[in-house]
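**Student:** Given chain W's structure and the hints, the job is docking chains D, F and V onto it.
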Amino acid sequence: MVFDPSKNGLWCVWAAGGIACLAVAVAASGCGGTAGPSGRGRPRVVATTTVVADLVKQVGGDRVDVDCLMAAGIDPHSYKPTPRDADRLAGADLVVASGLHLEGKLAELLERLARARPVVMVGDSLPPDRLITVGGGQHDPHVWFDARLWSLGVAPVAEALARLDPPEADEYRERGRAYVARLEALDDRLGERIAAIPAGRRVLVTAHDAFRYFGRAYGIEVVGVQGTSTESEAGLGDINRLVDLVVTRGIPAIFVETSVSDRNVEALREGARARGHDVALGGRLHSDSLGGAGSGAETLEAALESNVATIVDGLKGAP
Amino acid sequence: MNAAASGPSPASSSARPPLVDFHDVTVAYGRRPVVWNVDFEIDEPCLFGIIGPNGAGKSTLLKAALGLVPTVGGSVRFGGRPLREVRSRVGYVPQRETVDWDFPVNVMDVVLMGTYARLGWFRRPGARERELARASLDRVGLADLADRQIGRLSGGQQQRVFLARALAQEADIYFLDEPMAGVDMRSQEGIFRVLADLRAAGRLVIVVHHDLRTAAEWFDRVALIDMRLVATGPTAAVLTPENLRRTYAGHIEVLEELGRAVAARGRTS
Amino acid sequence: MILLADGGLLGGHADIHAWAMATAAVVSASCALVGTLLVVRRMSLLGDAIGHAVLPGIAVAVLAGGRAGGPLVFVGAVMAALVTVWLTRGLRAGGGPEEDAGAGVVFTTLFALGVVIVSAAPPGTHIDPSCVLHGDLTFLPFDTVPVAGLPVPRAFIAGAITFSGLLAAAVATWKLQVFVAFDEAAARAAGLPVAAVTFGLLVATALATVASFDAVGAVLVVAMLVVPAAAAELLTRRLHTMAAVAVALAVVGACVGYLAAWRFSTSAAGMIAVVLGLEYGVAAVLAPGDGGLARVWGRLALAWRVAREDRLAAVWRAEESGGERGPATWRSLLERCAGWWLRADGSLVHTADGWRLSPRGRRDAEMIVRSHRLWEAWLGRHAELPLDHLHPPAEWVEHHLGAAMRQRLEAETGGRENDPHGREIPPEA
Amino acid sequence: MTAPVIAYNTFVVAVGVAAVGFAAGVVGSLCVLRKRALVGDAAAHATLVGVACGFLVTGRRDLATLLAAALVSAVAGLGAMVLLRRFTRTRDDAAIAIVIGVSFGLGITLVSGIPAWGYADSAGLEQFLLGHTAALTAADATLLASVACVAAIVVAIGLKEATLVAFDAAFAAASGWPVAVIDYLLVALVAVMVVAGLPAVGAVLVTALVVIPPVAARFWTDRVGTMLLLAGVIGLVAALVGVAVSAMRPGLATGPLVVLAAAAIFGVSFLIAPERGWIARRIRARTLADAWSRGLALDACLRAAGAGDGTFTPVDVEAAVAGDRQGGRRAGAEAFAALVRTAAVAPVAGGRDAWRLTAAGRALAEERRRRLDAWARVIEHDPDDAREALTIDLPAPGAVLGRTGAGS
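Chains as they are written, first to last, in the working numbering: chain W, 1 to 319; chain D, 1 to 269; chain F, 1 to 429; chain V, 1 to 408.
Each hint should be verified, as a subset may be incorrect.
[Claimed, not checked] The following residues of chain V were derived to be distant from chain F, with all beta-carbon distances above 12 Å:
id, residue
1, F11
2, A97
3, D290
4, A363
[As the list claims (entries may be wrong)] Between beta-carbon pairs, the in silico distance windows are:
id, chain 1, residue 1, chain 2, residue 2, range
5, V, A376, D, R193, 30 to 40 Å
6, V, A376, D, S154, 27 to 37 Å
7, D, G151, V, T313, 55 to 65 Å
8, F, R305, V, W117, 17 to 27 Å
9, V, A139, W, G61, 23 to 33 Å
[What the hints assert, rightly or not] According to the in silico footprint, chain W covers these stretches of chain F (three or more CB under 8 Å from chain W):
id, stretch
10, 16–28
11, 138–151
12, 257–267
The set of hints was computed from the structure by calculation and includes no laboratory data.
A virtual CB, placed ideally from N, CA and C, is assigned to each residue, including glycine.
Isolated chain W, as found in the complex (with noise of 0.2 Å):
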């Protein structure tokens, strides 16, 4: 019996067109649902990293359901989106992002999605001259290491809310302006304590490019083996010259980051210390994403505060 189910065949290309025209009228058919927000009491909102999330919690406080599409300790770029990533993008009533094509591709489709349903993308609200350029007319995404230029960032967060929510709406601007005060206080502590650490010492390396809002924000030099993107490959000309750095400024730490692989800075340590220099490991920063739950880092500040007596613990410790 050869399976050779007609004269032609060609039914199968019909049964298969037939599917797949079922599924398109399906999907006209039930695109009403998602028109208006649902309406019903709490807010649902959706953000795209684990910081951005924790500005719209800050804000939000518990009258808001927060979303969040990345979980803890992924790095965007190698972000795998599913099915159901879609569904809560679809149910949201609010999409939140952090912009600048921190999110890659996700980026064009969030423009799209702005003219269906409200989009905030706190990177691109912030004034454009103070964010740093990284050539090619793009900015480096990483703002939210400026606790002040990031709190730029909250009102219009805020204003968001309150058009969705209007019963709530002056909850949501107190808090916002709460949180902000709360960020601007943290950005004068931050600076003090990197300003105690003596100025020849005062470089922080890191494995990736993800610290330029920091080192301007609060006085410290920056450099990272990696590109901005954790995709691009770092050139052996990149870790001899700062190899080259770290012996001659005598740094005294150089640090990892949480969701980034750690073999260029162990490549680097090496390096160092077969000039003589011994470097050594300065503990793990969170760059591209916040802390897992009881990591102790869950919230902005927690993890800018880690981060910095991380620093300053590596940085500061015995020549």
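**Tutor:** Then chains D, F and V, alone, in the frame of chain W:
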């Protein structure tokens, strides 16, 4: 000198240019020549055999005629015209092992391929082509196997499918490359009978063949090839012991030696 | 499908998932259609090569200002794909490496070139290698373009256009593609435009591959191109049926894959590839004729029949030679089962002094013994074998001789009454 | 060059990548000869499944666990490929493509599913595979060097069997060699090398070094042993060149540069290799064809010289050659020009466009005809080995046959 029965005289015997004219054909793979200065003509439709030992360049000569291998020198003309102009009137039956018999096509599909050259790019085979294909299958006795996948046929049947494909092309000149290789006696008989019908219908059939016995029986004219042309002409005149010795030079001695050795051992055991 | 939507199984956003599935279906259908010809022409690895080799094309396009997923990037990728194919065939023609080694050289070099371009480009340019390798189907439905009032995803439109174009081209040039794929030498001898036909297929492959990038990314395109076609090749015997089955498998695979990804919340593209792999596995087992199951079933059926027939013959011989029990082989498990079976179907009847053949059992047994002895007679006459060499071959052949064969054997052995051992040959029933 | 003392990192990376280059070249040669060039790519893609399963099963992310898991899945993937080919009608290249596609799909599915299935700290699993060549540590380098040595030793020992199986598996099986075992061993060797090389230098670099050096080496030699060694050396050189260039300026990714260096060596080999190089082949084909055309032209002149008043026009000669040469008119014109250059023909006084053979030309023509006849006799009377000596450019039979002792 090129001991060719019909010398390379430019003016051929009849007024018309010869049906097929091999003119000083030389083919080489890299530096080593495989076909050396072969020059002969075929003037009227007949069953023409290209005979010679293995590795004598018979298939290469055929492929050179069809433009499938580049020639170092010489040319092949069909009725005085180059192959390009008469492509559709020339049919080709390749050797069986050049094809993947596991390929998902059935007998009818393969035979229909003969009609594609005339159909051109986009026209699909119509009733006329299917009728032509069925007639060709009838002539080779495979009409009832039309729907069978080609991998499930015997060697002889596969060879006849290729023959049917050439017939479907309704060509005037047919080139067959070792059609009898690996084919049982009964199928050889069938294939030769179809070729004889073709000749009767006024077609020229050129067959690369290796078995001297069936050659003498079926071919009207032959060409003995061993890298160069040894002799050509009517079969009886060419297949003389002298010509055979010169064609199979080294090989016959080896065969005779073998024969003597076997006979000697047979007596003593 | 409607059930799924109404039942809210898809969390109430059925349209998003439906569009995603439709896009995946259309894209995988295009790949399967082209893949059919690639597989039979032993060019399966071309998909893998193109998948990697397009990075420089896309990188250059982005540097020239193309927007990711936009037309310029599409053209860049297709150009890179064509360069890959042209280089691979050019190397081969120039006396270079075989097909897949050549492709290996070309695509690794081009991919490396791509990474160098990306790394050397001004930092922060948006393009990076991984976004080429793992496209995501999931969010495509959000990127819609109003068509006749209906928000249709841009990717679906591109996929639908590509598929219909490829289908039209395939249907139009199918016969030439089949001839060139089957017997290129004869096609060239018959004067067909072999080079043009092959080039057409390569352009189609480039289009199908690049069109699927957004949905599944470079590497999983290989799965879509090859797996459905390879599965279809096991199931069918004719090329256009194979193409039809491949497309069907691809579409079903895409939809089931997406639903599974939704159910287990994994990447849609990855799950689709896994489901296609499962489809191939099922095809390999179930393939009619020479599939795994068919082969095993054939062997089992034969062994079972042989055991039953041996048991019948043994009982008959026991009766013929005065009733003592047959040879010691009865105790093997298969034999004992055969015995039970024969009792069950009435061939053996239980009498006072042990098992006896029923009339039907006797007739069957006689035919087997007759085949056995006729074969021994034939061997005795033609093969000049010593007497004790006759039994083993006959023991095997007896299960395979039909009535017609027995008749010929009888004719050829001159209709003798008994076999070389002197035992009487039972007459034909 | 670089600073007098090579920077530590450059040295470590050079050692590591050179080791991978050498081992990949040697083992890759056997794969290329066995017509399985892309087996490295298949192994590389199959490792992602291993990494994901390793993490799921053991919950640990340390290098040793994930490397072991990746090795198991790579060998399993390649094993599946071999099984596919044995038990189904699917052909070689399709089998490799299926393994690549489905195994990578499964890998992506697992990696994407892990965070959703409630496993914390699953980040960077995939990063594990995208190694940065420039970030090799001493540990990586020693691992790679030892794997390279093991691979080289195993191949050196098993060269005879591996070559036999690669050349003619059927014969090897017939003469009792365990082909399946040898196949699996080669597959396992490739898997080990790919898995070791992956976290250090990345998937594409390993795949490239398995394919490009052997293919380049093939151009320079026809002996298996030399090819393996040469491929190893090419892999090594490509590694060193890539590393050196990458160390010169920041921003140049090391891995891809090594691949481009290997590709450059391949390009050079493809073009200028003495025997199989593209240029050599073109030149040889051209000179042979031209020599043959000149022969035909001389022959035509000789024939014309014998008839009528012994003169001929260039057009006649071109027609005669063109008739016999697919190059058409151009070949004829070139042949005639060559005759003029070598003063084989000279114009006849009296302004008519008529030429005649010079004494030298006539001698050449007759010599060619004599050789043709001599070779015709040789072909008739002597068995094959005498005929081996015949080539298109018609060497003098006497001189050549003197060596083979047959009568001229």
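**Student:** Need the list of violated hint numbers for this structure, in ascending order.
**Tutor:** Hints 2, 6, 8, 9 not satisfied by this model.
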